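Asker: Sequence:
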Amino acid sequence: MAKTFSGEAPPPDESIPLKLIPSSNRYSIWFFCIVNFLWWISLYLYVPLLPVYIQSTGANLDVVGAVLSAYAIPQVLLRIPIGIWSDRLGKRKPLVGAGIVFTSVGALGLGLAKTPWLLFLARMTTGVGAATWVVFPVYFTAYYPADDSGRAIGLINFVRSVALIAATAGGGLMAEKLGLRSPYFFAALFGISALPALLTTKESPMSKMPVASWVNFRSVVTRPLLIAISAMAILLTFTTFAGVFGFVPVYAAGLGASSSELGLITMINLVFAALGALGAAWVWERVGYRSTIIWSALLIGASLFATPFISTTIVLMSVQIALGLGSGVLSTMFMTLGIRGLPREQQATAMGVFQAIYAIGMLAGPIVSGLLGSNRGLSDVFFLAGSVGLLIATLALLPIFSRSNLH
Numbered sequence: 009m010a011k012t013f014s015g016e017a018p019p020p021d022e023s024i025p026l027k028l029i030p031s032s033n034r035y036s037i038w039f040f041c042i043v044n045f046l047w048w049i050s051l052y053l054y055v056p057l058l059p060v061y062i063q064s065t066g067a068n069l070d071v072v073g074a075v076l077s078a079y080a081i082p083q084v085l086l087r088i089p090i091g092i093w094s095d096r097l098g099k100r101k102p103l104v105g106a107g108i109v110f111t112s113v114g115a116l117g118l119g120l121a122k123t124p125w126l127l128f129l130a131r132m133t134t135g136v137g138a139a140t141w142v143v144f145p146v147y148f149t150a151y152y153p154a155d156d157s158g159r160a161i162g163l164i165n166f167v168r169s170v171a172l173i174a175a176t177a178g179g180g181l182m183a184e185k186l187g188l189r190s191p192y193f194f195a196a197l198f199g200i201s202a203l204p205a206l207l208t209t210k211e212s213p214m215s216k217m218p219v220a221s222w223v224n225f226r227s228v229v230t231r232p233l234l235i236a237i238s239a240m241a242i243l244l245t246f247t248t249f250a251g252v253f254g255f256v257p258v259y260a261a262g263l264g265a266s267s268s269e270l271g272l273i274t275m276i277n278l279v280f281a282a283l284g285a286l287g288a289a290w291v292w293e294r295v296g297y298r299s300t301i302i303w304s305a306l307l308i309g310a311s312l313f314a315t316p317f318i319s320t321t322i323v324l325m326s327v328q329i330a331l332g333l334g335s336g337v338l339s340t341m342f343m344t345l346g347i348r349g350l351p352r353e354q355q356a357t358a359m360g361v362f363q364a365i366y367a368i369g370m371l372a373g374p375i376v377s378g379l380l381g382s383n384r385g386l387s388d389v390f391f392l393a394g395s396v397g398l399l400i401a402t403l404a405l406l407p408i409f410s411r412s413n414l415h
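Okay, so the sequence shown: first residue is 9 according to this note's numbering, each after it adds one.
No lab work stands behind these hints, which were simulated from the structure alone. None of these values were measured; they are calculated from a predicted model. Glycine residues also receive a C-beta, built at the ideal position from the N, C-alpha and C atoms. Any given hint could turn out to be false.
[Stated by the list, open to error] Restraint-style ranges between C-beta atoms, simulated for each label pair:
id: 1; residue 1: N224; residue 2: E184; range: 47 to 53 Å
id: 2; residue 1: S410; residue 2: T320; range: 39 to 45 Å
id: 3; residue 1: L126; residue 2: N383; range: 25 to 31 Å
id: 4; residue 1: V323; residue 2: S395; range: 18 to 24 Å
id: 5; residue 1: R226; residue 2: L203; range: 33 to 39 Å
id: 6; residue 1: I322; residue 2: T65; range: 27 to 33 Å
id: 7; residue 1: T65; residue 2: T402; range: 35 to 41 Å
id: 8; residue 1: G105; residue 2: F391; range: 39 to 45 Å
id: 9; residue 1: P232; residue 2: L181; range: 43 to 49 Å
id: 10; residue 1: A310; residue 2: D70; range: 26 to 32 Å
id: 11; residue 1: S410; residue 2: P316; range: 32 to 38 Å
id: 12; residue 1: I235; residue 2: K185; range: 46 to 52 Å
With the hints as extra help, turn the sequences into a complete structure.
Answerer: Printed below as a string of structure tokens:
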């Protein structure tokens with residue numbers, strides 16, 4: 009293995025063969041990847057068009073931000089209870105199934121809604137479904153050796169990103185050919201289609217059931233590494249939901265982008281986010297966690313700072329390359345560190361805490377950016393988001409990310 013720098017990742021256990029898809033659980037892994045793919049399509053088929061769709065009901069930027077933020081409210085409130093409940097049950101599959109149903113119902117509601125208030129309620133319903141993402145990576149990493157969880161999370165994030173690529177490209181084309189509401193109805197259909205694939209997967213049993221107690225919960229939530237990466241994930245999610253899933257489409261529409269071009273802008277971002285997710289473990293094993301965070305965050309910050317100076321959709325598409333790479337690497341790294349060193353019976357609780365905290369960024373990103381955009385203009389939205397990206401790089405200098413603390 010190549011020499012690493014400060015904050016390096018520990019080398020994997022050489023006694024365990026590192027395979028992207030272990031043969032012992034091959035079929036369940038493939039079918040769960042299908043579940044993950046269809047579920048994320050159902051969540052994001054319409055996302056690049058959603059801000060413009062909300063505006064079509066007569067909403068101003070303040071209201072657009074409020075409706076977009078409705079997606080985050082259940083995720084802030086429900087992810088920790090879902091994680092704890094999942095660990096107590098010792099089962100993940102029922103919660104995955106429930107998430108699929110809520111996501112599909114919410115997408116259908118968005119397609120039928122004709123007022124901002126109904127859009128708010130429907131978007132909140134999709135947020136309830138999205139809150140069950142807590143159990144998806146924990147369900148999936150159980151198919152892998154403990155020392156290989158980084159690659160498992162890299163793969164599930166790669167599948168997620170590929171789904172988002174297909175969703176954002178397909179959603180724009182659907183809207184142009186079949187009408188602005190069509191992506192929402194197809195999203196509901198894709199979601200329900202994930203249920204048969206889920207039934208085909210085999211859930212790995214836990215070796216022991218956890219004892220639910222405040223002491224156990226506190227031992228998880230007070231882990232310094234979990235606190236640090238959760239705080240940084242808030243900032244990362246803020247940049248995402250203020251940017252490519254927030255006001256980049258609005259900015260692009262102002263440049264004259266068509267519905268299909270809006271989808272293409274987001275798709276380019278997601279293509280490189282997928283590559284970043286798949287290669288994240290390879291990167292941090294060679295240059296270390298700290299260096300990986302710094303360089304990825306600098307890519308994000310620089311891309312967002314550049315956005316207000318862009319005057320063509322082609323250049324805006326090009327900037328999404330750096331923004332996507334940085335986001336893909338960081339999201340995979342943060343998820344991996346969130347459950348690092350924990351037994352399986354505590355991982356869903358830790359993932360719930362991590363995801364509930366970073367969902368604050370989903371909530372704050374659209375609201376703060378919407379208010380700022382209404383009062384000062386879109387340029388300041390991107391300057392703020394870029395500054396948040398640079399703050400992530402600064403936080404990587406915390407002692408918790410030193411080489412000794414991460415061994």
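Asker: Would you mind marking each hint as holding or not holding in the structure?
Answerer: Hints versus structure:
no., hint, result
1, N224 to E184: 47 to 53 Å, "holds, 52 Å"
2, S410 to T320: 39 to 45 Å, "holds, 43 Å"
3, L126 to N383: 25 to 31 Å, "holds, 27 Å"
4, V323 to S395: 18 to 24 Å, "holds, 21 Å"
5, R226 to L203: 33 to 39 Å, "holds, 36 Å"
6, I322 to T65: 27 to 33 Å, "holds, 30 Å"
7, T65 to T402: 35 to 41 Å, "holds, 40 Å"
8, G105 to F391: 39 to 45 Å, "holds, 43 Å"
9, P232 to L181: 43 to 49 Å, "holds, 46 Å"
10, A310 to D70: 26 to 32 Å, "holds, 29 Å"
11, S410 to P316: 32 to 38 Å, "holds, 36 Å"
12, I235 to K185: 46 to 52 Å, "holds, 47 Å"
When each numbered hint is compared with the structure, no violation occurs for any of them.
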